[in-house]
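Enquirer: Line order of the protein sequences matches chains E and Y.
Residue numbers for the first sequence follow the numbering used here, so the first one is 1 and each next one is one higher.
Residue numbers for the second sequence follow the numbering used here, so the first one is 1 and each next one is one higher.
Incorrect hints may have been included.
[To be verified] One side of the interface only, derived from the structure: several residues of chain E facing chain Y at Cβ under 8 Å:
| id | residue |
| --- | --- |
| 1 | 62 |
| 2 | 63 |
| 3 | 104 |
| 4 | 107 |
| 5 | 111 |
[As the list claims (entries may be wrong)] Straight-line alpha carbon distances no greater than 25 Å define the calculated DSS-like cross-link-like pairs of lysine-lysine that follow:
| id | chain 1 | residue 1 | chain 2 | residue 2 |
| --- | --- | --- | --- | --- |
| 6 | E | 44 | Y | 2 |
| 7 | Y | 98 | E | 44 |
| 8 | Y | 67 | E | 57 |
| 9 | Y | 56 | Y | 67 |
In short, the hints are calculated from the structure, not lab data.
In this text, a Cβ means the ideal position worked out from N, Cα and C, and glycines have one as well.
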Amino acid sequence: NAGVTQTPKFRILKIGQSMTLQCTQDMNHNYMYWYRQDPGMGLKLIYYSVGAGITDKGEVPNGYNVSRSTTEDFPLRLELAAPSQTSVYFCASSYARGQETQYFGPGTRLLVL
Amino acid sequence: QKEVEQNSGPLSVPEGAIASLNCTYSDRGSQSFFWYRQYSGKSPELIMSIYSNGDKEDGRFTAQLNKASQYVSLLIRDSQPSDSATYLCAVMDFGNEKLTFGTGTRLTIIP
């Protein structure tokens, strides 16, 4: 089991460029999440999904889009990169809601210049 | 807006002593409480979860929950240098799929 994998590990973007952060889990988890973590701060939820074809906004969704066509994959799209999107992005998954552990991927460090 | 508050630290504790980490939350409807450990440059990993008032022990770790006072704490006994990390408190409402995280407390264990 690879768990939750994320690519790329690190990326530098110019303002206005777009990119997709990839997230894949092989644990057959229904729930998947995208967080961002700014230096010295906690995690902020961007988007989440409770199953294939179902997504919903989190606390800080502006500037991002997601899709969930399969149980395994949950890509995060940045359409017009801005310096405010410089952050570390974590993908996480869990089997079900509530008391279930969320498993985190290793993160993607994004720098927008 | 739901809030989870933690002292950002840094909290310095001598090796072998007890480290005490605290967290308060604003939403009385919160039902599930989690402590995550995050080493520098790494992703968070779950170390404790607690759902009922009282204490829950797991090895050197004890989580304490007081819903009336809206706080949850984590005690680390016999602190080791490997415990040096940032500890994130997270809270989830009943029937809600989302976690709300605090900003974390940076803990340093001094040999």
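Enquirer: Any CB of chain Y closer than 8 Å to the CB of residue 62 of chain E?
Expert: Violated, because the Cβ-Cβ distance from residue 62 of chain E to chain Y comes to roughly 16 Å (cut-off 8 Å).
Enquirer: For residue 67 of chain Y and residue 57 of chain E, compute the direct alpha-carbon distance and say whether it is at most 25 Å.
Expert: Roughly 28 Å separates the two Cα atoms, so the pair is violated.
Enquirer: Between the alpha carbons of residue 98 of chain Y and residue 44 of chain E, is the straight-line distance 25 Å or under?
Expert: Judged against 25 Å, a Cα distance of about 10 Å means the pair holds.
Enquirer: Against chain Y, run the beta carbon of residue 111 of chain E and see if the smallest gap drops under 8 Å.
Expert: Where the cut-off is 8 Å and the nearest Cβ of chain Y is about 15 Å from residue 111 of chain E, the hint is violated.
Enquirer: Please verify that hint: residue 104 of chain E, Cβ, nearest Cβ of chain Y, below 8 Å or not.
Expert: 4 Å, holds
Enquirer: Is residue 44 of chain E within 25 Å of residue 2 of chain Y, Cα to Cα?
Expert: 12 Å, holds
Enquirer: Hint residue 107 of chain E vs chain Y: min CB-CB distance below 8 Å?
Expert: Holds, because the Cβ-Cβ distance from residue 107 of chain E to chain Y comes to roughly 5 Å (cut-off 8 Å).
Enquirer: Check the hint pairing residue 56 of chain Y with residue 67 of chain Y against an upper bound of 25 Å on the C-alpha distance.
Expert: Roughly 14 Å separates the two Cα atoms, so the pair holds.
Enquirer: Would the stated hint for residue 63 of chain E survive a check requiring a Cβ distance to chain Y of less than 8 Å?
Expert: 19 Å, violated
Against the hints set out earlier in the document, violations occur for numbers 1, 2, 5 and 8.
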